[in-house]
Amino acid sequence: MADAALRESPPWAAGEMLLEVENLHVRYRMMGPIRAKILQLPNRFLDAVLDVSFRLRRGTTLALVGESGSGKSTLGRAITGLVPIAAGQVRFEGREPLKANPRGEKSYHRDVAMMFQDPVSSLSPRRTVRSLITEPFVVHRLGRRDLDAEARRLLALVGLPRDFAGRYPHQLSGGQARRVGVARAVALSPKLIIADEPTAGLDVSVQGEILNLMTRLQSELGLTYLIITHNLAVVRHVSDETAIMYMGRFVEQGTTREIFERAAHPYTAGLLAAQPHPDPDKRREEVPLLGEVPSLARRPAGCEFHTRCPRAQALCRQERPAVHRLSPSHRHRCHFPLIDTP
Amino acid sequence: MALAASSIEPAANVLEVQGLSVRFRTPRGPVLALRNVSVEVPRGSVVGLVGESGSGKSTLALAVMGLMSGNASITEGSLRFAGRELLGLKPQELRALRGDRLSMVFQDPMTSLNPVRAIGLQMLDIQYRERSLSIAEKRRKAADMLRRVGIPDPERQMGRYPHEFSGGMRQRIAIAMGVLERPELLIADEPTTALDVTLEAQIIQLLRDLRREFNSSILFISHNLGLIAELCDIVVVLYAGEVVEQGTVRDIFHRPRHPYTQALLECDPARIAEIRRELPTITGDVPNLLRIPAGCVFAQRCPKVFDRCRVEHPADYPAGPAHLARCHLLAERADG
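Residue numbers (my numbering), protein chains in the order written: chain B, 1 to 342; chain L, 1 to 336.
Only chain B is shown next, with the shape it has when bound in the complex:
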């Protein structure tokens, strides 16, 4: 990896804080107390997100990375209010929108937009592109605006020809469908976009187009992104900061440069090593991370990663690691990190 090329301390470092998440906790109820007693299960709840804290500055991008079941999508949904929060705080522009009265929440829903993985296949195939991209106005009762003009504006913004307004989802290519998804997300001029796997399933040539579009809109509209993905190759290029999630926790977080150059947590190192090299002379000789994420219903004691960790010791099986700071931005939860000193 070309070390000098990794991004320098970013110019936005002193920028204004948009989103602050503190000790966020999301818990799902699996069963009632009686059933749990009969089944003799110690825990009738699933902790999908545990003790997550981070801050996101305006105009920057944070990537949430982890395997399926790590809680990254749940965290995204909890921030938008789609999933109830069990404990902790979500502060947006200094306010706590999820605790405010319903009207306050409505303006928050305009400020925060969700971009789903496959925006078109999850929407009605019988509706035109115009109807799909102007739906947010209808939902938020902003229908008195000139929707045709809005549709034209949005299509131009995402680089689709004007006549696409009359098309149906099945008439779109994969890349065009994603552009429609981007148009929907930016329709109400949000401040924060939470993008869940924005390029999963796309060919590499189209993936670049969508990421470039998101980057352009970020600078044109001053957007802030929370990108949920498992594609580390993409993360390296598009995000300022990266958080690695495992079983609901942030096991490591830092600037993208810190994560890629000075990974402290063995899980981060394993994820990085698991990426295939597009060079036949750099084949992996061994599998970097064995096994799978354990069930959330049977959360391992101590450090949750100890069941798969190549460095695990007795301490890891007994005691949950605390958060250790390596720099103002770089934090990890590991008893035996790969790097120790800042």
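Hints were generated in silico from the structure; no laboratory data involved.
Keep in mind the model is a prediction, meaning the values are calculated, not measured.
Possibly wrong hints are sitting among the right ones.
What the hints assert, rightly or not - Ranges of calculated distance between the beta carbons of each label pair, as one might list FRET restraints: (1) L:304 with B:299: 52 to 60 Å; (2) B:299 with L:163: 20 to 28 Å; (3) B:283 with L:12: 20 to 28 Å; (4) B:17 with L:250: 43 to 51 Å; (5) L:159 with B:93: 49 to 57 Å; (6) B:38 with L:71: 36 to 44 Å; (7) L:159 with B:38: 21 to 29 Å; (8) B:299 with L:212: 58 to 66 Å; (9) B:42 with L:118: 25 to 33 Å; (10) B:284 with L:290: 38 to 46 Å; (11) L:163 with B:284: 28 to 36 Å; (12) B:200 with L:18: 34 to 42 Å; (13) B:43 with L:53: 39 to 47 Å; (14) L:118 with B:291: 19 to 27 Å.
Claimed, not checked - Covered stretches of chain L (chain B as the covering partner; in silico rule of three or more C-beta atoms under 8 Å from a C-beta of chain B): (15) 30-43; (16) 199-207; (17) 215-229; (18) 247-256; (19) 266-279.
No residue lacks a Cβ here, since even glycine has one placed at the ideal position from N, Cα and C.
The hints should help you fit chain L onto chain B, whose structure is shown.
Only chain L this time, still in chain B's reference frame:
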């Protein structure tokens, strides 16, 4: 006749696809999804078929398996498996090969596993040809293969149903079933696309080990260049239904000659060492296969296009001992 000959002297190529063209009937007219495609899989090797969506990779796999949909037909060419022509075989003859000497692993294991039958029973079912083995021996064989692909405690797991396993475990089971009868050729169509990178690395390692142990040949289909580089010996690049380039894995990754292959490699963010916000792309769209362009299929999007490309379909030009590229630029070089 051909079968008798091949059983004495095994063909050097497990699979030989020659000049294959596949046409789909659609309401808007015929779509030529594959045109004059030739691919060889030498015995014991892993051949990667790489291409973007719509390039025809899966159509080729399904044509080899004889599993094409009703509106598809092979208009030209031949498909030889272990020296024997597959085209024109009766359905029962083809069925005798499938699952035994020729098998396939799909992208989503739920499509190939029976959801209402325990996996142990499914693994007994596929051994129906083995008349000499007892049920207990078949069970042991199935359990051994499950253990081999990394399913812990297989005897107990065999009573469970597909939905009781995680996605990664299901794909391991599908692979165990695919290789249970030691096929001569395993076709793996995007077997890791639905999995996390950590599991993907485990599955790639598993395919490597299985190939080493059983000397099986694999046709590996993927749009992921990283996986192709990790696993394959030979790479075939498909674009809009045509093979535009093929060669050894080093030819393709270190000395790509077709502008499409070059552009595809340049787009892969994992190959871009320098951090950049603006990622390279291939501008334009894949041509509409209802109206195939007269010249080169890549001409509309090619950064190196010149007049000849728009009018004349390029031939396959040699670029090395086992390296072919379908591009006029190589002819220019040879002429000049």
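Each hint tested on the structure:
Hint check: residue 304 (chain L) to residue 299 (chain B), Cβ distance near 56 Å, so the stated range 52 to 60 Å holds. Here the CB-CB span from residue 299 (chain B) to residue 163 (chain L) is close to 22 Å, well matched to the stated 20 to 28 Å. Here the CB-CB span from residue 283 (chain B) to residue 12 (chain L) is close to 25 Å, well matched to the stated 20 to 28 Å. For residue 17 (chain B) and residue 250 (chain L), the Cβ-Cβ distance of about 50 Å falls inside the hinted range of 43 to 51 Å, so the restraint holds.
Between residue 159 (chain L) and residue 93 (chain B) the beta carbon distance is about 55 Å. The supplied range of 49 to 57 Å therefore holds. At roughly 54 Å, the beta-carbon separation of residue 38 (chain B) and residue 71 (chain L) lies outside the given 36 to 44 Å, and the hint is violated. Distance hint for residue 159 (chain L) and residue 38 (chain B): a CB-CB separation of about 23 Å, consistent with the stated range 21 to 29 Å. Between residue 299 (chain B) and residue 212 (chain L) the beta carbons are some 37 Å apart, a value that contradicts the proposed interval 58 to 66 Å.
Taking the beta carbon of each, residue 42 (chain B) and residue 118 (chain L) are about 30 Å apart, inside 25 to 33 Å as hinted. Between residue 284 (chain B) and residue 290 (chain L) the Cβ separation comes to about 42 Å, which falls inside the hinted range of 38 to 46 Å. Here the CB-CB span from residue 163 (chain L) to residue 284 (chain B) is close to 31 Å, well matched to the stated 28 to 36 Å. Separated by about 36 Å at the C-beta atoms, residue 200 (chain B) and residue 18 (chain L) satisfy the suggested range of 34 to 42 Å.
Between residue 43 (chain B) and residue 53 (chain L) the beta carbons are some 43 Å apart, a value that agrees with the proposed interval 39 to 47 Å. At about 24 Å, the beta-carbon gap between residue 118 (chain L) and residue 291 (chain B) stays in the expected band of 19 to 27 Å. With 0 residues carrying a beta carbon less than 8 Å from a beta carbon of chain B, the segment 30-43 of chain L misses the three-residue requirement, and the given coverage is violated. Given as covered by chain B, the segment 199-207 of chain L passes the check, having 6 residues with a CB less than 8 Å from a CB of that chain where 3 are the minimum.
Closer than 8 Å: that is the beta-carbon criterion, and the segment 215-229 of chain L has 7 residues meeting it against chain B, so the requirement of 3 holds. Counting residues of the segment 247-256 of chain L whose beta carbon lies closer than 8 Å to any beta carbon of chain B gives 4, which meets the minimum of three for the stated coverage. Counting residues of the segment 266-279 of chain L whose beta carbon lies closer than 8 Å to any beta carbon of chain B gives 13, which reaches the threshold of three, so the coverage claim holds.
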